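Throw the hints in and build the complete structure from the sequences for me.
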Amino acid sequence: MNVDISFTPSSMFEFLPPFVINDDIIALEDIEQYNASFVSSVPSEDVVLGAPATISITDDEVLGITFLQTYEFMEGDGIQFIQVQINYTIYRDISVTAYGESPMQPGVVRNGAVVNVQFDFIARGPTIRNGLIFIGAMLLLSILAL
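Numbering (this note's numbering), first residue to last: 1272 to 1417.
Quick caveat, the hints were computed from the structure, so don't treat them as lab data.
A portion of the hints provided could be inaccurate.
[What the hints assert, rightly or not] Computed spacing ranges between beta-carbons, pair by pair: (1) Ser1308 with Thr1341: 50 to 58 Å; (2) Val1291 with Gln1389: 17 to 25 Å; (3) Phe1344 with Thr1368: 35 to 43 Å; (4) Pro1289 with Leu1339: 16 to 24 Å; (5) Glu1343 with Ile1296: 30 to 38 Å; (6) Phe1338 with Leu1287: 42 to 50 Å; (7) Gln1389 with Tyr1362: 16 to 24 Å; (8) Gln1389 with Asn1293: 32 to 40 Å; (9) Thr1325 with Ile1276: 16 to 24 Å; (10) Phe1344 with Val1367: 34 to 42 Å; (11) Phe1390 with Phe1309: 20 to 28 Å; (12) Tyr1362 with Phe1286: 26 to 34 Å; (13) Ile1393 with Phe1309: 37 to 45 Å.
A quick note: this is a predicted structure, and the numbers were derived from the prediction, not measured.
Cβ coordinates follow ideal geometry from the N, Cα and C atoms, glycine included.
The structure is reproduced here in structure tokens:
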């Protein structure tokens, strides 16, 4: 951004023209930083230019990782899938581990298996399928209903 600012003899301050910071709706971004500095049109010992300013823009998206729904299975259903999703496109990859186990249950001969699965969401843009936008990535966890 290059902007000319003119001071009149009676003005003590001026504003830069307004600028727009658009939200890109992408999670896990790094802080964006810009430097602003001055150059005088009157180079002279009588003009002292202040130190540069740093302008920082912080990402405001909070990444949510959720199960798509609550699942109910019947014994003997065989292999089933549990879907995990994120709520935003991501700027960088993230690894997440899903944990699950069956609590002690009276009258149950065998408790369910312990689930401990690590998976990765890979940074990529949105995918469009049949006019619908799917954001980020999805993972299917398979379980065997015993």
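Checked hints:
1. Between Ser1308 and Thr1341 the CB atoms are about 56 Å apart, so this pair conforms to the stated range of 50 to 58 Å.
2. In this structure the supplied range 17 to 25 Å is violated for Val1291 paired with Gln1389, their Cβ-Cβ distance being about 40 Å.
3. Separation of Phe1344 from Thr1368 is about 22 Å and departs from the stated range, judged on CB atoms against 35 to 43 Å.
4. For Pro1289 paired with Leu1339, a C-beta distance near 42 Å fails the hint of 16 to 24 Å.
5. With their beta carbons about 33 Å apart, Glu1343 and Ile1296 fall inside the hinted range of 30 to 38 Å.
6. Hint check: Phe1338 to Leu1287, Cβ distance near 47 Å, so the stated range 42 to 50 Å holds.
7. Here the CB-CB span from Gln1389 to Tyr1362 is close to 21 Å, well matched to the stated 16 to 24 Å.
8. For the pair Gln1389 and Asn1293, the beta carbons lie near 34 Å from each other, so the given range of 32 to 40 Å is met.
9. A hinted range of 16 to 24 Å holds for the C-beta pair Thr1325 and Ile1276, which are about 19 Å apart.
10. Checking the proposed 34 to 42 Å range against Phe1344 and Val1367 shows it is violated: the Cβ atoms sit about 23 Å from each other.
11. Our hint of 20 to 28 Å for Phe1390 and Phe1309 is violated, since their Cβ atoms are close to 50 Å apart.
12. Hint check: Tyr1362 to Phe1286, Cβ distance near 32 Å, so the stated range 26 to 34 Å holds.
13. Range check, Ile1393 to Phe1309: about 43 Å between beta-carbon atoms, so the 37 to 45 Å window is met.
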